[in-house]
Amino acid sequence: MSAPLLIEQGLNGIQLGIMLFLMAAGLTLVLGIMNLVNLAHGSLYMLGAYFAASLQQWTGSFALAILLAVPATALVGMAIEMVTLRTLYSRDHLDQVLCTFGLILFLNEMTRILWGGLPLRMTLPPALAGTVALSGIAYPAFRLAIIATGILVALLLYLLIARTRLGMLIRAGASDRMMVGALGIDINLLFTLVFGLGAALAGLAGIMAGPLLAVQVGMGDGVLILTLVVIVIGGIGSVRGAFVAAILVGLIDTFGRILLPPALADIGIYVLMAAILFWRPQGLFPAHG
Amino acid sequence: MADAELASAPPRRAAMRSETALLVLGLAILVLAPLAAQLLGEPFYVRLFTRIVIMAIAAVSLDLILGYGGMVSFGHAAFVGIGAYVTGILAYHAASGEALTTWPIVIHGSQNAFIVWPAAIALAALAAFVIGLVSLRTTGIAFIMITLAFAQMLYFVVIALQKYGGEDGLQMSDRSRLFPLDLGDRLVFYYLVLAILVAVVAFCRRLVESHFGMVLRGCRQNERRMRAIGFPTYRYRLAAFVIAGALAGLAGILLANSQNYVSPADMAWTRSGELIVMVVLGGMGTAIGPVLGAAAYLLLELLLGSFTTHWQAIFGPILIVIVLFARRGLYGALAGRPTDG
Numbered sequence: 090m091s092a093p094l095l096i097e098q099g100l101n102g103i104q105l106g107i108m109l110f111l112m113a114a115g116l117t118l119v120l121g122i123m124n125l126v127n128l129a130h131g132s133l134y135m136l137g138a139y140f141a142a143s144l145q146q147w148t149g150s151f152a153l154a155i156l157l158a159v160p161a162t163a164l165v166g167m168a169i170e171m172v173t174l175r176t177l178y179s180r181d182h183l184d185q186v187l188c189t190f191g192l193i194l195f196l197n198e199m200t201r202i203l204w205g206g207l208p209l210r211m212t213l214p215p216a217l218a219g220t221v222a223l224s225g226i227a228y229p230a231f232r233l234a235i236i237a238t239g240i241l242v243a244l245l246l247y248l249l250i251a252r253t254r255l256g257m258l259i260r261a262g263a264s265d266r267m268m269v270g271a272l273g274i275d276i277n278l279l280f281t282l283v284f285g286l287g288a289a290l291a292g293l294a295g296i297m298a299g300p301l302l303a304v305q306v307g308m309g310d311g312v313l314i315l316t317l318v319v320i321v322i323g324g325i326g327s328v329r330g331a332f333v334a335a336i337l338v339g340l341i342d343t344f345g346r347i348l349l350p351p352a353l354a355d356i357g358i359y360v361l362m363a364a365i366l367f368w369r370p371q372g373l374f375p376a377h378g
Numbered sequence: 071m072a073d074a075e076l077a078s079a080p081p082r083r084a085a086m087r088s089e090t091a092l093l094v095l096g097l098a099i100l101v102l103a104p105l106a107a108q109l110l111g112e113p114f115y116v117r118l119f120t121r122i123v124i125m126a127i128a129a130v131s132l133d134l135i136l137g138y139g140g141m142v143s144f145g146h147a148a149f150v151g152i153g154a155y156v157t158g159i160l161a162y163h164a165a166s167g168e169a170l171t172t173w174p175i176v177i178h179g180s181q182n183a184f185i186v187w188p189a190a191i192a193l194a195a196l197a198a199f200v201i202g203l204v205s206l207r208t209t210g211i212a213f214i215m216i217t218l219a220f221a222q223m224l225y226f227v228v229i230a231l232q233k234y235g236g237e238d239g240l241q242m243s244d245r246s247r248l249f250p251l252d253l254g255d256r257l258v259f260y261y262l263v264l265a266i267l268v269a270v271v272a273f274c275r276r277l278v279e280s281h282f283g284m285v286l287r288g289c290r291q292n293e294r295r296m297r298a299i300g301f302p303t304y305r306y307r308l309a310a311f312v313i314a315g316a317l318a319g320l321a322g323i324l325l326a327n328s329q330n331y332v333s334p335a336d337m338a339w340t341r342s343g344e345l346i347v348m349v350v351l352g353g354m355g356t357a358i359g360p361v362l363g364a365a366a367y368l369l370l371e372l373l374l375g376s377f378t379t380h381w382q383a384i385f386g387p388i389l390i391v392i393v394l395f396a397r398r399g400l401y402g403a404l405a406g407r408p409t410d411g
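As you go down the protein sequences, you meet chains A and B in turn. First residue of the first sequence? That's 90 in the working numbering, and the numbers climb one at a time after it. First residue of the second sequence? That's 71 in the working numbering, and the numbers climb one at a time after it.
It cannot be assumed that every hint is accurate.
Here are a few chain B residues that face chain A, going by a calculated C-beta distance under 7 Å [claimed, not checked]:
id	residue
1	T208
2	I211
3	M215
4	I216
5	A230
6	I266
7	T303
8	Y304
9	Y306
10	V350
11	G375
12	T378
13	I390
FYI, nobody ran anything at the bench for these hints, they're computed from the structure. Even glycine gets a Cβ: it sits at the ideal position worked out from N, Cα and C.
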């Protein structure tokens with residue numbers, strides 16, 4: 090493999106990894122802190138993309154679409170949390186799986202009713218539509234922007250969790266929910282906020298996927314499963330693990346596609362997952378114990 | 071303890087009675103309704119009942135690990151898909167005359183059920199063994215996700231099989247041959263499928279009441295304690311996982327034969343979700359709950375689908391309400407008996 094191709098595919102892999110990280114970070118927080126399996130996380134990704142596509146059509150501005158679509162997805166996420174998911178925290182995982190599976194069916198179908206069955210397209214502003222010359226290769230500027238955004242978000246998330254009072258509560262909630270509640274913290278509010286944060290990140294990933302892929306119903310389902318693989322590899326509840334695993338999965342998936350025969354390309358990451366779990370059933374960076 | 075048992079004896083007997091009544095009624099409907107439909111010239115309903123019974127077999131097999139074993143497997147459709155694809159691929163090679171493999175041994179295609187069906191079941195069991203070997207090392211959320219991921223992997227494998235239709239699926243020219251039965255006859259095929267369902271339900275019932283089943287149920291209630299008294303729980307759960315996978319493979323064989331077509335959609339992750347819904351809807355950890363659940367799910371799909379193509383927008387909230395407020399399932403509501411657990 091030549092050097093330019095290696096760089097290009099490496100960047101593609103990192104870009105996919107960054108998208109997966111945005112999805113996985115929110116989902117792993119929800120899992121780690123609230124002990125909730127949320128299969129509808131992929132639907133939030135889809136909603137983020139639809140909001141952005143519609144907002145871009147109305148306002149004509151890509152930046153404005155992103156700025157409005159992220160909080161809109163967060164609000165929808167928080168509304169879903171308050172209406173249905175809140176009652177599920179005390180239930181077993183099976184109930185959570187079923188309930189959020191029902192949510193997926195509902196959200197997918199509502200999206201189809203509201204936006205129609207045809208895929209929407211998002212267009213990039215001129216500043217992001219071109220390419221950037223990188224040591225001999227012309228790399229799409231938008232993909233670089235995704236990588237930059239993702240790294241920025243990862244840094245902010247790290248600062249939020251490690252340095253702020255909210256982050257402290259999140260970490261405390263992950264290790265002992267009951268005790269945090271007993272110390273007078275409004276645990277319901279905390280959960281809603283964390284869920285909103287996860288929804289915002291999923292929405293952001295969906296928005297960034299919009300110009301790369303078609304915005305269509307069910308676009309979140311495939312991403313959801315990749316995200317679950319990332320979380321399982323990284324260790325449930327660990328944001329750091331999610332980051333490492335996301336980049337790993339992104340790179341292996343991308344290189345698998347060019348190095349392996351087509352029949353095997355899609356299964357590379359699952360083999361990776363099986364191997365890692367056989368070796369470490371808790372994942373790479375287990376959050377608890 | 072003894073007092074509690076005495077006190078619960080009369081209601082329990084009543085529950086047994088209504089349970090038997092439910093069983094007889096259900097079986098009568100399954101035996102007579104398709105016959106009536108055929109006589110009235112409504113083959114659509116024969117096909118519907120065939121589908122219900124096949125999905126019921128898959129749901130019963132899932133209940134073995136989900137209801138009795140407490141393993142939330144989100145990849146059960148993969149085993150159904152393996153059964154279906156083995157049947158379809160062998161039929162494809164039988165029709166084309168081209169050998170499936172030439173090295174190290176020559177394998178020819180076949181339509182003979184006595185060869186194809188055991189092969190398909192064995193392959194589904196083998197897949198369940200390998201997947202179970204890795205997934206059962208984890209529990210809880212990780213187990214759900216891993217079974218889902220493995221099923222998705224197999225889904226991508228069949229999509230990549232361009233020779234066998236890839237995403238479009240594989241058409242079968244003919245049903246399997248099961249001498250002396252004529253499976254091409256709609257009604258003969260239906261009654262064969264129904265007989266298999268009855269056998270599978272009876273088998274699962276015997277299994278959960280056996281020593282093996284007691285250990286399995288014990289694992290669900292408290293695995294650590296079972297390990298402490300000396301049971302190799304991992305092996306017991308793996309055995310249950312393999313049996314469930316093999317039975318799901320059997321359902322897949324029948325599914326392929328019923329629609330003369332196999333498609334990746336038969337093993338999509340949403341299908342695994344639907345199977346879980348059927349089990350829970352009917353009543354987990356009960357012998358015939360999954361059968362009720364499969365019937366209810368497919369009939370509800372048909373009913374809602376006749377109102378609107380967007381039936382999932384209605385079904386989703388129904389599912390949420392059922393999960394939140396009616397956990398006993400249909401079986402619990404009809405037979406008035408709490409489910410096992």
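Okay, the hints, checked on the actual structure:
no. : hint : in the structure
1   : T208 : 5 Å, holds
2   : I211 : 6 Å, holds
3   : M215 : 4 Å, holds
4   : I216 : 6 Å, holds
5   : A230 : 4 Å, holds
6   : I266 : 27 Å, violated
7   : T303 : 15 Å, violated
8   : Y304 : 11 Å, violated
9   : Y306 : 18 Å, violated
10  : V350 : 6 Å, holds
11  : G375 : 12 Å, violated
12  : T378 : 9 Å, violated
13  : I390 : 4 Å, holds
In this structure, the earlier hints numbered 6, 7, 8, 9, 11, 12 are contradicted, and the remaining ones agree with it.
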